[in-house]
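Engineer: Single-letter residue listing:
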Amino acid sequence: MRLFICGFGTVGQGFAEVVASRKGFFEERFGEDVTIVGAMDSRSYVTSQDGLDPMSIVIGKAENGRVGPDGYDDPLAVLDSVDYDILVEVSPTDVKTGGTGLITIRHALECGKDVITVNKGPLALRFRELMDLAESKGCMLRFEGSVGGAMPIINLCRENLAGENIRSIRGIFNGTCNFILSKMDNGQPFEQALKEAQQMGYAETDPTNDIEGYDSACKVVILANSVFGRDVTFDDVEITGITSITEGAIALAKSRNMVIRLIGEVSDTKLSVGPRLIPRGHALGLSGTLNTAQINTDLAGPVTVQGRGAGRMETASAILSDLVAIMEARR
Amino acid sequence: MIVNAELFVKDLPGQLVGSLEPVSMVNGNIMGVVHNREQIINNRICINITFEVDDNSQVEGLKNIWKSRDIVISRIGSVYETFTMDYLLIGDLDASYIEGIIDEASKTISLEAVDVRYSSKTVDPSKRTGMISVKARSEEDLDRLDGLLNDVCRKSGIVYVRGV
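Chains E and B are the protein sequences, given in the same order.
1214 is the number that this note's numbering gives to position 124 of the first sequence; each next residue is one higher, with no gaps.
601 is the number that this note's numbering gives to position 23 of the second sequence; each next residue is one higher, with no gaps.
No wet-lab data here; the hints were simulated from the structure.
Ideal Cβ positions, reconstructed from N, Cα and C, are used throughout, including at glycine.
Watch out, some of these pointers could steer you wrong.
Stated by the list, open to error - Cut-off 25 Å, straight-line C-alpha distance, at most; resulting in silico cross-link-like pairs (BS3-like, lysine-lysine):
1. Lys733(B) with Lys1360(E)
2. Lys1186(E) with Lys1360(E)
3. Lys705(B) with Lys1273(E)
4. Lys1360(E) with Lys713(B)
5. Lys588(B) with Lys645(B)
6. Lys705(B) with Lys641(B)
7. Lys685(B) with Lys645(B)
8. Lys733(B) with Lys685(B)
9. Lys588(B) with Lys1344(E)
10. Lys1273(E) with Lys1344(E)
11. Lys1285(E) with Lys1360(E)
12. Lys1285(E) with Lys645(B)
13. Lys685(B) with Lys705(B)
14. Lys685(B) with Lys1344(E)
15. Lys1285(E) with Lys1273(E)
To be verified - What the simulated footprint calls covered on chain B by chain E, stretch by stretch (three residues with Cβ under 8 Å from a Cβ of chain E suffice, anywhere in the stretch; the number is not a length):
16. 664–677
17. 734–741
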């Protein structure tokens, strides 16, 4: 199985390491190698039809700040320069336009390639178009890592809980906000908690996407479209961030033995992200950077999952699960 | 609605099942059954059933079926379940503003109890917080209150945080 990795930041590098470390697993389970025939970052690329050494690309990126010696103007020309089976699209998210990710995903599907992505932008903006394109071309488009990182949720709902009537999903889909709100539980003001999150590497220098709820909104859209079969976009989500949450609000909640958490909610009729009052001890009241989701089903009742929502290996783990699923299907 | 009924049935085999079966016949959901063998009146034993139905018409239908089966209904009454929800409002508000919202809500929504807490410790009037804890008769009442609060707060630029 030949992979092309688009985007070679933290997640792309982590996934390349996973490909190297799981070599024996692929051989044993599928009787074939998984090779990386191309990798591309925002400035450069490297390709080899015979396969690249994953660790060499990772080391090269760390040493030189670029994935290969050659630059490019047209990412699609780079994709077309080598023969691959699966595009692994892990470039940075652009919620406004879909960015390069949308262009490369669309191109790969048009060329009949399977695609794995964790890029929320294209999915939040053009989900239905991309799924229809994949179907028309007989391709698979999988995106487990786009919601909840290592926390299994999309494949859980679509495969393990297939046949269930999933009534709603609600959860914590942004570890940065949860870290900030958890700190505020202990009396820390919002600004200090945000600064600490930035110093610990949980929040970006520009934290807008996280604290205004935009990141969670993208995930809610992906769940609505993929699990509930809806046709919604980012603009359809009712979004309230956590910037207005005051120490007084936290204290009042505490007086009723509750905490405030940023909760994404999705059902056939609901599509929202906003702060919610959660009783202490409730599954959605967890502290720290973890993500969690409560899936309410008609037969199994509530199913709760929890896991690390971001990170190099955590997201790579989700991509691996999609890769295994595609390889199983293509066997 | 949740209903509790005290019945007296003949002390014969099959009578217990015969008293429970009609609840299912009217699409009710049995929540609890106490077979009180010590309480015998006129050779009939006491059965206490708690069940859930959507509306009163099902209860009326059930009473008719029980009567047709020679089951004596000694007592029947509704036991209303209350649903609790908390709401936080953050912004430029004061106690009278919150009271006004509650008064408005009470005109159309059946609320069993309302508890309001208000915090004005902050010097910044745009960051005052009010907490409303409500007990309502049904989840529908809570949904309607949620819609009303969401609407009012959005129009007033107040941040609205509800429970789950």
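Engineer: When the hints from earlier in the document are held up against this structure, which numbers fail?
Structural biologist: When the structure is compared with the hints, numbers 6, 7, 9, 11, 12, 13, 14 turn out to be violated.
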